[in-house]
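So the sequence lines, in the order shown, correspond to chains A and B. In this note's numbering, each residue carries its 1-based index in the first sequence increased by 5. In this note's numbering, each residue carries its 1-based index in the second sequence increased by 5.
Watch out, some of these pointers could steer you wrong.
Which copy is meant is left open, so a pair is good if it fits within one copy or across any two.
[What the hints assert, rightly or not] No more than 30 Å apart at the CA atoms, straight line, and that leaves these computed lysine-lysine pairs for DSSO-like: (1) K60 <-> K229; (2) K229 <-> K35; (3) K65 <-> K43; (4) K184 <-> K88; (5) K184 <-> K104; (6) K184 <-> K109; (7) K88 <-> K104; (8) K184 <-> K41; (9) K117 <-> K184; (10) K229 <-> K117; (11) K229 <-> K88; (12) K60 <-> K213; (13) K43 <-> K229; (14) K60 <-> K41; (15) K184 <-> K43.
Hints listed in this document are in silico derivations from the structure and should not be mistaken for laboratory results. Just so we're clear, the structure is a prediction, and the values are computed from it rather than from any experiment.
2 protein chains.
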Amino acid sequence: MDVPRRRLLLISNSTLHGGGYLGHCQQQIKSFLGEKVKRILFVPYALHNQDAYAKTAREKLENVGYGVDSIHEFSDPVEAVRKSEAIFIGGGNTFRLLKALYDKSLIQEIRKRVLEDGIPYMGSSAGSNAATISINTTNDMPIVYPPSLEALGLVPFNINPHYLDPDVNSTHMGETREKRIFEYHEESNTFPVLGLREGSMLLVEGNKATLQGVTGARLFVRGKSPTEHQPGADFSFLLANSNLHNP
Amino acid sequence: MDVPRRRLLLISNSTLHGGGYLGHCQQQIKSFLGEKVKRILFVPYALHNQDAYAKTAREKLENVGYGVDSIHEFSDPVEAVRKSEAIFIGGGNTFRLLKALYDKSLIQEIRKRVLEDGIPYMGSSAGSNAATISINTTNDMPIVYPPSLEALGLVPFNINPHYLDPDVNSTHMGETREKRIFEYHEESNTFPVLGLREGSMLLVEGNKATLQGVTGARLFVRGKSPTEHQPGADFSFLLANSNLHNP
Ligand SMILES: [Ca+2]
Ligand SMILES: [Ca+2]
Numbered sequence: 006m007d008v009p010r011r012r013l014l015l016i017s018n019s020t021l022h023g024g025g026y027l028g029h030c031q032q033q034i035k036s037f038l039g040e041k042v043k044r045i046l047f048v049p050y051a052l053h054n055q056d057a058y059a060k061t062a063r064e065k066l067e068n069v070g071y072g073v074d075s076i077h078e079f080s081d082p083v084e085a086v087r088k089s090e091a092i093f094i095g096g097g098n099t100f101r102l103l104k105a106l107y108d109k110s111l112i113q114e115i116r117k118r119v120l121e122d123g124i125p126y127m128g129s130s131a132g133s134n135a136a137t138i139s140i141n142t143t144n145d146m147p148i149v150y151p152p153s154l155e156a157l158g159l160v161p162f163n164i165n166p167h168y169l170d171p172d173v174n175s176t177h178m179g180e181t182r183e184k185r186i187f188e189y190h191e192e193s194n195t196f197p198v199l200g201l202r203e204g205s206m207l208l209v210e211g212n213k214a215t216l217q218g219v220t221g222a223r224l225f226v227r228g229k230s231p232t233e234h235q236p237g238a239d240f241s242f243l244l245a246n247s248n249l250h251n252p
Numbered sequence: 006m007d008v009p010r011r012r013l014l015l016i017s018n019s020t021l022h023g024g025g026y027l028g029h030c031q032q033q034i035k036s037f038l039g040e041k042v043k044r045i046l047f048v049p050y051a052l053h054n055q056d057a058y059a060k061t062a063r064e065k066l067e068n069v070g071y072g073v074d075s076i077h078e079f080s081d082p083v084e085a086v087r088k089s090e091a092i093f094i095g096g097g098n099t100f101r102l103l104k105a106l107y108d109k110s111l112i113q114e115i116r117k118r119v120l121e122d123g124i125p126y127m128g129s130s131a132g133s134n135a136a137t138i139s140i141n142t143t144n145d146m147p148i149v150y151p152p153s154l155e156a157l158g159l160v161p162f163n164i165n166p167h168y169l170d171p172d173v174n175s176t177h178m179g180e181t182r183e184k185r186i187f188e189y190h191e192e193s194n195t196f197p198v199l200g201l202r203e204g205s206m207l208l209v210e211g212n213k214a215t216l217q218g219v220t221g222a223r224l225f226v227r228g229k230s231p232t233e234h235q236p237g238a239d240f241s242f243l244l245a246n247s248n249l250h251n252p
């Protein structure tokens, strides 16, 4: 198989405590998109109020120097993807987002644009879940029922955004995040899960993946102990096809 | 419509901090099942290790005075439900549980036994989610894909077990529980959600529903502000058919 042309910036969270929308990743966005990209196609489907969401994203990204079109303002969203120079899928509810991508027949077109045409893809939170092999490790409530949990499959593994370490002082008896990911790996044919703490993001260029941001990540692979990874870590091995399944 | 014969005890959580399995609800279980029930059919499908789970439940419930059969030990689980005197569905992962109930064709049979034959149904956590109209407000990760999010429909509303008040000191930017339930109610045709704090449980007898336990509950109805309810609160109005939808 040819090396996919994919270029992805998968962000754990759009807003970091104490900062504004996309505040903590402004520099990464700029160096990721570079000078060539002029306009970004924003996908606000994960939130209910799409007009307000597009307004927030537009203001922020225009400040960084990019024009923004919101896909919900097009009568033909597939055509909007076809003509886009770069795609940014924002966070919110992952089930709602994925259902909209299926309902509007956008899955194949986005895959084609990113994997074949090489246009840059940015996702934050739900938008990062949507980029992976499936949404099996979203934190969101299943408020709607998408036709499948399979997602865009731009990478052959899962992400858990907003990854949260167990709180040793908690008296709450609901499962910790780690416990929930272990439950996923109790099922057969399940994929590696990269737990991206808030403040972390994964940069993918072709077959190279690098951890960016400041907070590190925790990697869960079925049948193995979880491992800790610092900013700068090379995660390219997660992109190898042999890691697709670990049954 | 005739008054359903249902008798339900829907528990937020099986283990309370500092206590053992079912420790905090032993008295409620005893007075709910009474003297007539001799054996309970335990449903361990929400956990991966069903043998270990059945062993835990059996030890605990035998101490309270009941014999326990685990449904996973029967070659014909539908037949096991048909012959049961009482059903207890334990917690774990709600998606895994619901998928198993569909895969084993148990939905209709459990409904019939509870709503028509009037056998007592106990659920804890995922087992309480499964009793309601849908699992749209589970806290669990979607580790598997059930054929629908519609659940047993023994009551015409949703439950959020392990309900957790917002932590005002948190710097984590993931949605609070309340925010997640609001996201559910942004969708049309969505049902009331009863947030049962750990230590709370709902007793349903026919068309009467009463809050038990010590920690209270928070009720979310689409288009209204959430309301607080103390132990002893009468929730019978949630059982009225007119509350089925609030579009
Ligand atoms: Ca979310
Ligand atoms: Ca659970």
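Going through the hints against the structure:
no.	hint	verdict
1	K60 <-> K229	between (44 Å within a copy, 27 Å between copies)
2	K229 <-> K35	neither (36 Å within a copy, 42 Å between copies)
3	K65 <-> K43	within (14 Å within a copy, 65 Å between copies)
4	K184 <-> K88	neither (42 Å within a copy, 35 Å between copies)
5	K184 <-> K104	both (26 Å within a copy, 20 Å between copies)
6	K184 <-> K109	between (34 Å within a copy, 26 Å between copies)
7	K88 <-> K104	within (22 Å within a copy, 40 Å between copies)
8	K184 <-> K41	neither (43 Å within a copy, 38 Å between copies)
9	K117 <-> K184	neither (35 Å within a copy, 34 Å between copies)
10	K229 <-> K117	neither (33 Å within a copy, 43 Å between copies)
11	K229 <-> K88	neither (43 Å within a copy, 42 Å between copies)
12	K60 <-> K213	neither (33 Å within a copy, 48 Å between copies)
13	K43 <-> K229	neither (44 Å within a copy, 43 Å between copies)
14	K60 <-> K41	within (23 Å within a copy, 63 Å between copies)
15	K184 <-> K43	neither (43 Å within a copy, 35 Å between copies)
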